[in-house]
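Visitor: Based on the hints, put chain F in the right spot on chain E.
Protein sequences, first through last, are from chains E and F.
Heads up: the first sequence begins at 814 in my numbering, then just goes up one per residue.
Heads up: the second sequence begins at 814 in my numbering, then just goes up one per residue.
By construction, these hints were calculated from the structure, which means they are not laboratory data.
The list treats identical chains as interchangeable, and a pair is accepted whether it falls inside one copy or across any two copies.
No farther apart than 30 Å at their CA atoms in a straight line, the calculated lysine-lysine pairs in the DSS-like style are these: (1) K879 with K864; (2) K1002 with K911; (3) K869 with K879; (4) K869 with K891; (5) K891 with K879; (6) K911 with K891; (7) K864 with K891.
2 protein chains.
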Amino acid sequence: MSSSTAAGQERKAPGRPRNAQADETILDAVLGLLSDGQSAAAISIEAVAAKAGVGKATIYRRWPNKDALLIDAVRSMKGPLPEPAGVSVRDDLIALIKANRTPRAQRYSKVTACLLPDLHRDTELARMYHAFVEPRREVTRQVLRRGIETGELRADLDVELTQLMLSAPGMMQSMLRLTSVPEDQFAEKLVDAVLRGAAAR
Amino acid sequence: MSSSTAAGQERKAPGRPRNAQADETILDAVLGLLSDGQSAAAISIEAVAAKAGVGKATIYRRWPNKDALLIDAVRSMKGPLPEPAGVSVRDDLIALIKANRTPRAQRYSKVTACLLPDLHRDTELARMYHAFVEPRREVTRQVLRRGIETGELRADLDVELTQLMLSAPGMMQSMLRLTSVPEDQFAEKLVDAVLRGAAAR
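The following block holds chain E by itself, in its conformation from the complex:
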């Protein structure tokens, strides 16, 4: 057991034991507990160790504390940053939203839902969460800014608000377990509704 690593404030990415399989087993145990509806506050390192079939020391060798482990688990579900094709704004936005409607992404929404009480309780966890989500929001913003430049989108578009209008409905549908808008063509319908507007012409 490496007590110096366990006591460190930061996870030592370059120097940590290279055992991707064990990492994955541990992260999957965290996600399993969160998917079962346990709040982050209720999850203990002991419970994660038991579910993953490893010792607590194995976990502390990799992550300095529970918050770091939770954020890594959430990060592991999202995969790499999406890369828009850059042809039309409509197609890029549909692709970005579709990437959030996969079963894997649905599981992510559920896990995020189960983390929310802790995001309200724990400022440091909230900070880490936003630091992780922010680059993903930026991908959507870049597509929107490009659309303003190419003239596909209105020049006075509120990029932040539009970003929220594109991400919130799907997230809320998953989090609140709503079924009023069918998953079939969800992305196309939302993007077209945001682009065209609800007002009669």
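Guide: For chain F alone, kept in the frame of chain E given last:
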């Protein structure tokens, strides 16, 4: 202590002790615990009783179980159903969204966020939650249907999707503690964005 009431499956509204003050104190204790970031699963009747300064029997005399108490607490925050003025669709939608941006409504969002793990874990709680929220969604749907009839909104409008587009951004902003879209004029800006659309003309 009325053991017959405590053992009942439903809260006996007409016959329950008429002590609105005690009801309010108990409901406020529940909301206080949820606002502190406790998940519903972590909240016990004992903890509610202690925070409210009443005995457990006083709570069980009014609510058959914790789920019924939780839903009543959430309901107590929302107040009466909003009544749109019925002049213009734009004004009605702005008023409905503004009603969800008050400090009281923000507290509601935070409490809902803290209930989410339990909505994923507990089907009965999810059923009660949706039964409570559904009439509020219906108010927005009615405004949208009226707008289609008056010609203010496009004839082919997807009412369910638009309902979600109007409610999700504010809820997500509160739940995830986002600050990217300022609260100032949030309702006006969102409604105008939904009505006008993002595409250039």
